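Novice: Residue numbers (this note's numbering), protein chains in the order written: chain E, 11 to 121; chain U, 18 to 130.
Note that these hints are calculated values from the structure, not bench results. Wrong hints could be hidden among the right ones.
[Said to hold, decoys possible] Below 25 Å or equal to it, Euclidean Cα-Cα: the simulated SDA-like pairs (lysine to any residue) are: (1) 125/U <-> 49/E; (2) 77/U <-> 57/U; (3) 67/E <-> 42/U; (4) 77/U <-> 105/E.
[To be verified] Some residues of chain U that are not near chain E, with every Cβ distance over 10 Å (derived): (5) 27; (6) 37; (7) 68; (8) 76; (9) 79; (10) 80; (11) 82; (12) 89; (13) 98; (14) 115.
Please read all numbers here as calculations on a predicted model, not as lab measurements. Don't be surprised by glycine CBs; every beta carbon is placed ideally from N, CA and C.
Listed here are the chains, written in short residue letters.
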Amino acid sequence: KAGVTQTPRYLIKTRGQQVTLSCSPISGHRSVSWYQQTPGQGLQFLFEYFSETQRNKGNFPGRFSGRQFSNSRSEMNVSTLELGDSALYLCASRDNGGELFFGEGSRLTVL
Amino acid sequence: GNSVTQMEGPVTLSEEAFLTINCTYTATGYPSLFWYVQYPGEGLQLLLKATKADDKGSNKGFEATYRKETTSFHLEKGSVQVSDSAVYFCALWDSGGYQKVTFGTGTKLQVIP
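Here chain U stands alone, though its shape is the one from the complex (with noise of 0.2 Å):
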């Protein structure tokens, strides 16, 4: 079956640090690609998606290629702020058979001024 791995946490950063959270996948057909966030006491959102290869999400200075060769899809961005800490998610959305959305176990990031 389909399954999505992503980098334990926690990760702790200074401000204005370059951030990069790993994720990779194995899917059996052609998935689309997503990055939930969770903020403290609410439920996810969507911060950034790509339904194909090569594509780029992007969304508040956030980033994240689809690389099918290396089936991942790693989020980065070049500056945290306090702000960003939260819990982020990686998923993918198979669009054959029961078009299950598989989750990573998320990865926290704290960000400290």
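Next up, chain E with everything else stripped away, as it sits in the complex (with noise of 0.2 Å):
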């Protein structure tokens, strides 16, 4: 079975660009969450979405939004970047058991 894969690994943006992080979960799961990982503020929560519908949300403003497809793959969008936006994005599908499979991350520099 392939794991969660997330598009791209690595990229590099300037203030004010936006992006758009990929991720396709493990074939079967419904529920994608999205993480940003950062050395001071360690794992944070950014949303779930099961069945194309966002079911959990984190503390995170407006700038940060996401969306999932018919087939489970997910994306999330960052609009107008600022530098502490810089971190690694990792993604996770979750199986009928509460267990996270995750992605290798998506790791975002803002310059």
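Now that you have both chains on their own, put them together as the hints suggest.
Specialist: This is the structure in structure tokens:
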């Protein structure tokens, strides 16, 4: 079974730009969650999608958004990038027993 | 709401030392409990889990027991290796309601030869 795939793995943007990250979950998983990981703030929950609906949301500004498609693939978008958005963005799909399967992450650098 | 509290790191141990990383939780229901590990440069991966009270999860020499009376899920290993150096996250999943996964802040473990 293929694991969770995130693209791109690395990207560099400048302040004010926007970015879209993609996540393909494990086949059959309907839940996809996104996390931001930084050295200072640790692992922060962004949002979770289940069957194309946002089910849970963390405490991030509206610049952070996401969506899920009918094939369970998910994208997250960050608009008007700020220096503080530099982070590792992790995607995870969840099975019916609550176990999360993480991708390797997309490392975003904002200059 | 639900919450997970785990001990602050970093924790530095010599090889073959005994490891304990404390984790306590607050939950309204009957959550499942997990330990995830993140090796340098990688995403998180499941280390072990327990789904009900008194269950013991184990993997790669690590163990944790679901203690409902003390709301704890402490991670232990009898003899750590350099290869165990990583960040360890305690988490809970509430299967009711919105089924959200709640993570602790992570504990960085460094094992020195």
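Novice: If you check each hint against the structure, which ones fail?
Specialist: 7 and 14
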